[in-house]
Amino acid sequence: MTAALIVGVVLAVVSVLLVALPFLREPTASDDRLVSPDESQQRRLGLAEERDRALAALKELEFDHRTGKVSDDDYRELVGPLRRRAAETLRALDVRATAHG
Amino acid sequence: MARRGSPARLVVALSVAAVLAVFLLYTSIAGGGTPVVRPSQLDGHHGRVSLMGQVVGKPSGDAHAGGKRFRLRDVKGTTTVTVVYKGTVPDLFQPGRDIVVDGRLRNGVFVAVPNTLVTKCPSKYAPKR
Amino acid sequence: MADLGRLSLVTCLLLLIYAVAGGSFAAWKRKRRLAQSAQNALIASFGVTIIAAVVLMSALARHDFSFQYVADHTSRELPLRYSLTAFWGGQEGSLLLWLLVLCGYAAAAVLTTRRVARDLLAWTVPVLAFVGTFFAFMLVFVSSPFATQRALADGAGLTPSLQNPYMAIHPPMLYLGYVGLTVPFAFAMGALLSRRTDERWIVATRRWTLAAWAFLGVGQLLGAHWAYVEIGWGGFYAWDPVENAALMPWLAATAYLHSVMIQEKRGMLRVWNMVLVTLAFCLSIFGTFLTRSGVVQSIHSFSQSPLGGWFLGFICILVAGSILLIVARLPLLRSKTRLESLVSREATFLYNNLLLVALALTILWGVVYPILSEAVTGQAATVSKPYYNFFLHTFGVPLLLLMGIGPLVAWRRASLRALGRTFLWPLGAAVVAGIALLAAGAGSSRIGVIAYTFSVFVLASIVLEFVRGTVARRALGGVGWAGAFSSLIARNRRRYGGYVVHASVVLLAIGVTGASAYETVRESRLKPGQSMSVAGDRLVFRGYQARTESNHRAIRALVDVYRGDKYLGRYRPGKNQYFAEDEVSNEVAIRHDPLTGGDLFMIADQVNTNGSIDLKVLQKPLVNLLWLAGLVFVGGSLIALWPDAREERRLAARYADAAVRI
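Protein chains in written order, with this note's numbering: chain A, 10 to 110; chain B, 5 to 133; chain C, 6 to 667.
Careful, some of the hints might be misleading.
As the list claims (entries may be wrong) - Restricting the straight-line Cα-Cα distance to at most 20 Å, the calculated cross-link-like pairs of lysine to any residue (SDA-like) are: (1) C/Lys36 / A/Val44; (2) C/Lys341 / A/Pro90; (3) B/Lys62 / B/Thr83; (4) C/Lys34 / A/Arg42; (5) C/Lys580 / C/Ser555; (6) C/Lys390 / B/Val117; (7) C/Lys36 / A/Arg94; (8) C/Lys36 / A/Leu99; (9) A/Lys68 / C/Leu531; (10) B/Lys80 / C/Phe471; (11) A/Lys68 / C/Lys532; (12) C/Lys532 / B/Val117; (13) C/Lys341 / A/Arg52; (14) C/Lys341 / A/Glu48; (15) A/Lys68 / C/Gly502; (16) A/Lys68 / C/Gly448; (17) B/Lys90 / C/Leu531; (18) A/Lys68 / C/Ser555; (19) B/Lys80 / C/Pro311; (20) C/Lys580 / C/Arg547; (21) C/Lys270 / A/Val44; (22) C/Lys580 / B/Pro94; (23) B/Lys90 / C/Ala386; (24) C/Lys270 / A/Leu43; (25) A/Lys68 / C/Arg500; (26) C/Lys390 / B/Arg110; (27) A/Lys68 / C/Glu528; (28) A/Lys68 / C/Arg499; (29) C/Lys270 / A/Leu99; (30) C/Lys341 / A/Gln51; (31) C/Lys390 / B/Gly65; (32) C/Lys34 / A/Leu43; (33) C/Lys36 / A/Ser39; (34) C/Lys390 / B/Gly107; (35) C/Lys580 / B/Phe97.
Bear in mind the hints are in silico, worked out from the structure with no lab data behind them.
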């Protein structure tokens, strides 16, 4: 019975401690703002994802072409727009990077 | 093969409609399921039903020979009916247990469809036939 | 002791409520320390639930009958291992298991995501905690495993059908699956609440979703195996509501796994994916509601319990909340990409989604039909095997075919000429197989031949994918065949892991087809010395043998099996009679045919007092492919799940590039 009581008390104390930990560590925080991407960062993230998507699509097209899923004609037709798209996204990211430092 | 506009929306809509059509067609042809009734409700039903109730009294007969005869009572009631069943009898089958069996009422006796007897487990959580 | 258990659960509930309230406030007002505090509360809730679980486990091990739960589900003579698995053998204990797994997943998600994508957690923590709060609330106020009573001398014992090794693994596996679906749901809702427009949450939850889906699949196969060998009516799936309860979320999750790939690659279907992940999660909660509430007649069900109302209310809140949130964020979810061609991999994924969801919804309709028909017409009606089989065939067989077509079609659009070339070999293999099957007499089942030929088509296309990929990789130079093969898989784990999983589904389809469309069933009453024939095998009944064990009496029929002149072995189907529980269990005998992968399944249907037996024998071709499929499924899932260092680096670079602070 007492063992259970001790465990119970320890439980409660540890729980409270864990919950209070961030406040105990920094009683007065200089910067308590929750970091999350602002709008410009979100747009950059979106652009980075689009760039990765375009690059991955290009890679996959090459692979599909090599394994014969995409014919030579189809490959020629599709690779141009994909390359342009990839270049676009790379450019967009660069623009953003130089604009925002 | 790229088309202007959105073939996707149209095809998706058509496909969903097709699936729905298949579903509705089946349910309208195959009918509305098998009614689940208690012994007290048997009177109005002449087709195949799923009879649900509690086994009372002592079963007699042989399910693998002439047929097992037992009385089935409303789970919360007093109406009983005699059931004649042929086929596999689940191990849990006992007087006092709740069962479900398919069949139809013929001349006052419920003639079961073979191998449709299912016993509900009496305790809280147990998978059992 | 029980007090400690109750205290732990109350502490858990308080921690979770704090995580919901504090976490929401922190996310709304952007308070870092409060957000961290809420995360800690979620992690602490896991620790506290472990304590509660340990209390119950030790009470079960000690046969402490002052615990009502222990008295209801164990007895003194019950072997220890079954006393322990009785933990989840009843309503309250299984709820505790659910909470334990949920808090475990939540803690793990927080701990791992904290390091790489802290910003995603802001609203995810309150959502996870909200789900946990419901279960903790139920455990504290409605259905507690720590109810006590005056200690009885002995307990009621565990149903014999639960006294087997499956009880140790089937429920936990299922729960790891069911509960695991909470993680992608929480991240999805979290992303919506944070007004995120990027796909980061999908990347973060990819492995969680795959793992949960794999657990749910394996859990169901284990259940099917249990039903097959232990319950032993000759089948492995009865379309019982409780079985369907696990199948529906699994189908929805399968659809989600596929369509989320499209969102990653093409940025499409964003609204649909939100709907799908909500559907999968809500179906998993609905599944456990069905199992517990007794609202639908089932041979598996718990008795009628007040839990039903609470669960229904919770599901309504989840559904309403998710729909409102999705609708409110609709502008953010609009995608810029369109489907370019109806002959493209995106399109096949769309068809796959449509069929999977259609199948899940028709099963759902069948499950709730008794409730609906009673509400509308006053007369409850059920649907059974013919209904489910019709839709399984109508939607499942085209799905099977799609598994072979999808991988062969390129993204964006594929020309018919290219398709023709890539399809040639698999199509040829399928045609040859079809002809061979018809010649071998498989034409007795039309759907069987179709399923088999489609399966050959899919298997051939999968093999071809591996071959073509290896050839292409080797052509790049620098590696031999083996190196090319392993490098191919290592660099495309998800794709080739996925192909292996597809192969497992095909094996499953072949096994199911063989065991249902081509099975032979015979029943016969035999006196000692008499024999019966089943599909070329002759079974001779030799008499009975009885044996008394510690808690049961075993009666076995001795059956000798011959094929022609060859003696194949002696088998012992029979029954066990359990003393304490006063129940009889069916003990089947199964002969696995090593050559054909089929089973000879013997059931001692009725033991007669005059020494004769009513023997029911089923010959089930290819049924063991089902279990093989399970192994292949696990292998494929592991390949797809395996951590990929190259991918991690790429992702880290992507997020560093976008200057998103983590």
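Against the structure, the hints come out as follows:
Of the pairs offered as hints, the one joining C/Lys36 and A/Val44 holds, with about 9 Å between alpha carbons and a cut-off of 20 Å not exceeded. With a C-alpha separation of about 16 Å, the suggested pairing of C/Lys341 with A/Pro90 holds against the 20 Å cut-off. At most 20 Å may separate the alpha-carbon atoms for a hinted pair to count; B/Lys62 and B/Thr83 meet this at roughly 17 Å. Proposed proximity of C/Lys34 and A/Arg42 is supported: the alpha carbons are some 9 Å apart, at most 20 Å.
Under the criterion of a C-alpha separation no larger than 20 Å, the hint pairing C/Lys580 with C/Ser555 is consistent with the structure, at around 15 Å. Restraint check for C/Lys390 and B/Val117: satisfied, since their Cα atoms lie roughly 15 Å apart, inside the 20 Å limit. The suggested pairing of C/Lys36 with A/Arg94 is violated, with an alpha-carbon distance near 39 Å, which exceeds 20 Å. Pair hint C/Lys36 plus A/Leu99 does not hold up; C-alpha atoms about 35 Å apart against a cutoff of 20 Å.
A hinted pair counts as satisfied when its Cα atoms are at most 20 Å apart, and A/Lys68 with C/Leu531 does not qualify at roughly 68 Å. With a CA separation close to 62 Å, the supplied pair B/Lys80 and C/Phe471 exceeds the 20 Å bound. For the suggested pair A/Lys68 and C/Lys532, the alpha carbons sit about 71 Å apart, so the restraint of at most 20 Å is broken. Restraint check: the Cα-Cα separation between C/Lys532 and B/Val117 comes to about 26 Å, which exceeds 20 Å; the hinted pair is violated.
A C-alpha spacing of about 14 Å is found between C/Lys341 and A/Arg52, which places the hinted pair at or below 20 Å, so the restraint holds. For the hint pairing C/Lys341 with A/Glu48, the CA-to-CA distance comes to about 18 Å; that is within 20 Å, so the pair holds. Proposed proximity of A/Lys68 and C/Gly502 is supported: the alpha carbons are some 19 Å apart, at most 20 Å. The hinted pair formed by A/Lys68 and C/Gly448 fails the criterion: a straight-line CA distance of about 45 Å is larger than 20 Å.
The suggested pairing of B/Lys90 with C/Leu531 holds, with an alpha-carbon distance near 17 Å, which does not exceed 20 Å. A distance of roughly 66 Å separates the Cα atoms of A/Lys68 and C/Ser555; the hinted pair therefore is violated under the 20 Å criterion. Distance check on the hinted pair: B/Lys80 and C/Pro311 sit about 19 Å apart at the alpha-carbon level, within 20 Å; holds. Between C/Lys580 and C/Arg547 the CA atoms are separated by roughly 16 Å; this keeps the pair inside 20 Å, and the hint holds.
Proximity of C/Lys270 to A/Val44 is assessed by CA-CA distance (about 28 Å); at most 20 Å being required, the pair is judged violated. Using a Cα cut-off of 20 Å, the hinted pair C/Lys580 and B/Pro94 holds, with the two alpha carbons roughly 12 Å apart. Among the hinted pairs, B/Lys90 with C/Ala386 is inconsistent with the structure: their alpha-carbon atoms are about 23 Å apart, more than 20 Å. Distance check on the hinted pair: C/Lys270 and A/Leu43 sit about 30 Å apart at the alpha-carbon level, beyond 20 Å; violated.
Simply put, A/Lys68 and C/Arg500 have alpha-carbon atoms about 14 Å apart, close enough for the 20 Å limit, and the pair holds. The suggested pairing of C/Lys390 with B/Arg110 is violated, with an alpha-carbon distance near 25 Å, which exceeds 20 Å. Proximity of A/Lys68 to C/Glu528 is assessed by CA-CA distance (about 60 Å); at most 20 Å being required, the pair is judged violated. Only pairs whose Cα atoms come within 20 Å are accepted, and A/Lys68 paired with C/Arg499 is accepted, the gap being roughly 15 Å.
For the hint linking C/Lys270 to A/Leu99, the alpha-carbon distance of about 17 Å falls within 20 Å, and the restraint holds. A threshold of 20 Å between alpha carbons decides the hint, and for C/Lys341 with A/Gln51 the separation of about 16 Å falls inside it, so the pair holds. The straight-line distance between the Cα atoms of C/Lys390 and B/Gly65 is roughly 29 Å, outside the 20 Å bound, and the hint therefore fails. For the given pair, C/Lys34 sits about 8 Å from A/Leu43 by alpha-carbon distance, which is consistent with the 20 Å threshold.
Taken as a hint, the C/Lys36 and A/Ser39 pair is honoured in the structure, with Cα atoms around 12 Å apart against an allowance of 20 Å. Only pairs whose Cα atoms come within 20 Å are accepted, and C/Lys390 paired with B/Gly107 is accepted, the gap being roughly 16 Å. Restraint check for C/Lys580 and B/Phe97: the C-alpha separation of about 14 Å stays at or below 20 Å, so the hint holds.
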